[in-house]
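There are 2 protein chains.
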Amino acid sequence: MTDLNQIGLNAKKASVLLNRMMQEKKNNALRLCAEALLENANDILSANAVDLAIAEKNGMKSSLIDRLRLTKERLEGMAEGLKEIIALPDPIGEVLSIKIRPNGLNIGQKVVPLGVVGIIYESRPNVTADAFGLCFKTGNAVILRGGSDAIHSNKAIVKVIREGLTKAGCTPDAIQLIEDTSREKVVELMRMNRYIDVLIPRGGAGLIRTVVENSTIPVIETGTGNCHIYVDESADFAMALDIIDNAKTQRLGVCNACESLVIHKKISQEFIPQLVQRLSSKDIEIRADEEACSISSQCVPATEEDYGTEYLDRIISLKIVESIDEAIDHINYYNTKHSDAIITKDYSKAMKFLNEVDAAAVYVNASTRFTDGNEFGFGAEIGISTQKLHARGPMGLKALTTTKYIIMGDGQIR
Amino acid sequence: MTDLNQIGLNAKKASVLLNRMMQEKKNNALRLCAEALLENANDILSANAVDLAIAEKNGMKSSLIDRLRLTKERLEGMAEGLKEIIALPDPIGEVLSIKIRPNGLNIGQKVVPLGVVGIIYESRPNVTADAFGLCFKTGNAVILRGGSDAIHSNKAIVKVIREGLTKAGCTPDAIQLIEDTSREKVVELMRMNRYIDVLIPRGGAGLIRTVVENSTIPVIETGTGNCHIYVDESADFAMALDIIDNAKTQRLGVCNACESLVIHKKISQEFIPQLVQRLSSKDIEIRADEEACSISSQCVPATEEDYGTEYLDRIISLKIVESIDEAIDHINYYNTKHSDAIITKDYSKAMKFLNEVDAAAVYVNASTRFTDGNEFGFGAEIGISTQKLHARGPMGLKALTTTKYIIMGDGQIR
Chain A
-2 MTDLNQIGLN AKKASVLLNR MMQEKKNNAL RLCAEALLEN ANDILSANAV DLAIAEKNGM
58 KSSLIDRLRL TKERLEGMAE GLKEIIALPD PIGEVLSIKI RPNGLNIGQK VVPLGVVGII
118 YESRPNVTAD AFGLCFKTGN AVILRGGSDA IHSNKAIVKV IREGLTKAGC TPDAIQLIED
178 TSREKVVELM RMNRYIDVLI PRGGAGLIRT VVENSTIPVI ETGTGNCHIY VDESADFAMA
238 LDIIDNAKTQ RLGVCNACES LVIHKKISQE FIPQLVQRLS SKDIEIRADE EACSISSQCV
298 PATEEDYGTE YLDRIISLKI VESIDEAIDH INYYNTKHSD AIITKDYSKA MKFLNEVDAA
358 AVYVNASTRF TDGNEFGFGA EIGISTQKLH ARGPMGLKAL TTTKYIIMGD GQIR
Chain B
-2 MTDLNQIGLN AKKASVLLNR MMQEKKNNAL RLCAEALLEN ANDILSANAV DLAIAEKNGM
58 KSSLIDRLRL TKERLEGMAE GLKEIIALPD PIGEVLSIKI RPNGLNIGQK VVPLGVVGII
118 YESRPNVTAD AFGLCFKTGN AVILRGGSDA IHSNKAIVKV IREGLTKAGC TPDAIQLIED
178 TSREKVVELM RMNRYIDVLI PRGGAGLIRT VVENSTIPVI ETGTGNCHIY VDESADFAMA
238 LDIIDNAKTQ RLGVCNACES LVIHKKISQE FIPQLVQRLS SKDIEIRADE EACSISSQCV
298 PATEEDYGTE YLDRIISLKI VESIDEAIDH INYYNTKHSD AIITKDYSKA MKFLNEVDAA
358 AVYVNASTRF TDGNEFGFGA EIGISTQKLH ARGPMGLKAL TTTKYIIMGD GQIR
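Protein chains in written order, with the numbering used here: chain A, -2 to 411; chain B, -2 to 411.
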């Protein structure tokens, strides 16, 4: 399907039906979709093999090919993901409170679906099922626009899910895929305000920037993370080393990985050699300011650009500061408002950092790697918002809802 | 001041200071600003007289001149508005809850200012003080871009408020006005993502559309209201007439005024003549479908366009439907997602309407005119959101805040 107007109309109609759908029916459909993914595993894997063959022919990087690859186990993971969503509480329909006004009006605030959610993403085909599951659970119709690299896989997955929905007696238009992955179509998609209530880009910084700059539909910006760890003069060195090691190396290519260190001058002579030893044992290159380079010859001189870079690689930047104020100013200037941490034993420094760093998640004495829907206990995640409107930080089911006021009167006029 | 980059930098710096400011200091500053408005009333009124003289020379409509006009009483109202904001509870800094994860991490969600709020508005100079008051109370720096018609008034008001802030020991850059009201500057403003966290347009449909289509900054869409009242077959006629009369005529030019009626066919023969009598006594023209025109010769035939029009005038559209489903479909197609009401005695129709009409505020047996921050008990209002993201319906202080996660650990890693 490539007629965007028809896709929009279908989604709008589906969203009306989804808004009225009982929890039981939604959960049963999710179960049937999960089963359908497993029953049709061979079809999906064959389609994926086509994408992989094209990718290899085009010389795609092996790390990207790995993201694109589906296996029996990964399909089981996708099906498991849908089943886990069944178990989550359905937020839709809850009336948060009803207040009675002096004139007797009862004013309540009711949780309702957003309506139609558009998702623009890159080459990971598992996003297709994940995003559908979260949107469906919250009564939203979803329009997916995946990357061209994964088009055969995405078509196969969407076909199977639509069959599962039909079997459950639900409208298959709860999920639709834009099969034409041309640039013109995505630009058209980003201006379909009449049909789409929110657009969520998931992918690299370039994709997200394009969507923010071109969309007239409200966007939830996700993902880019230039995360900092500030090692205060009072830090426990062993804790600081463990947290930095974990935040940088536990998984390199993720948005909550640490990309930049800020070290208090008072401890730099003693701490930096230990840090260099720890990170070089993990093959991490340190790009540092002049002072740090003079402390350790293993540091490479950093440029201004380094401090603003999300490496997603075996590189980290480092800056020495003379005070916590300088640290906070540096972080607020260069961070992407994602996740930043302080390592300290000092109560007032901890409080100051929590209050003054401007980010979705601010940590004391813990790894930035915890910024994640599952780690936060949301059970699932549609992405990590780095903007301030609507949702900030890891987004669970609640981020896919809005509210409406319901007002019950008996003839009140002004 | 017209250098937008400098204005953005100033606002960002001011927002850092405002984020740290105690409630007491903010309230004291609001009090001094309110006093400053009264003490400098003559300067503001003289500046307003310049705007009025230009407007009259340019042949501005008298209703618009009335919006532009400041008087001693209106200035007192502005000052009173700032004082009322002092009394409202300050939402900033509250930690909504702290949850403890299995690994011992304490994860809290803290209410924080948005940062820098941009407001683009038209000719009502009272917005200048109102918007400042609400943004300041919530720790946000505000950048104002008012209409060229009110530029002398706005400059005078902003100058006085900045003096009040200085007297209170606060940064005057908590409020800045863009004095160059050219189109180029407003386009530049709408792309200042580096400095502005949210843009709120306040004004007519054209202004709002321009901002939605051109802004790369997240926007909160406000205002346009094509509000419906559906008179169900079971409606109490006297109640229906009172509510329609109130919703249409109590104030014509407001977004929560009723612009369109939907009448069940079963009662149309009996109800429409009574309706025509009531509305014609208030000089309201009824533009109706063929069937209604055949019932009353005082109805004027409606075009398709009428059903989508926010008149803000002595005109109302009318459509006869055969069922509540047809009524809901009609309303969901033509409404602007603002406010819609049903008049009914029937419980299940009331519930169905509340559940299925897609609007910020859905009413049973009450006038749509209640969609308003004060009427909802918020104490103040920055606008009425007609979008689904972030805030929906009347926006009080809470809509000017966001949250950040604060995570307190003792060395946790993944």
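Keep in mind the hints are simulated off the structure, nothing from the lab. Wrong hints could be hidden among the right ones.
One copy or any two copies: either way a pair holds, since identical chains are not told apart in the list.
[Stated by the list, open to error] DSSO-like mimics (lysine-lysine), calculated; alpha carbons at most 27 Å apart, straight line:
| # | residue 1 | residue 2 |
| --- | --- | --- |
| 1 | K10 | K346 |
| 2 | K54 | K342 |
| 3 | K349 | K107 |
| 4 | K346 | K262 |
| 5 | K10 | K349 |
Which numbered hints are broken by the structure, listed smallest first?
Hint 2 alone not satisfied by this model.
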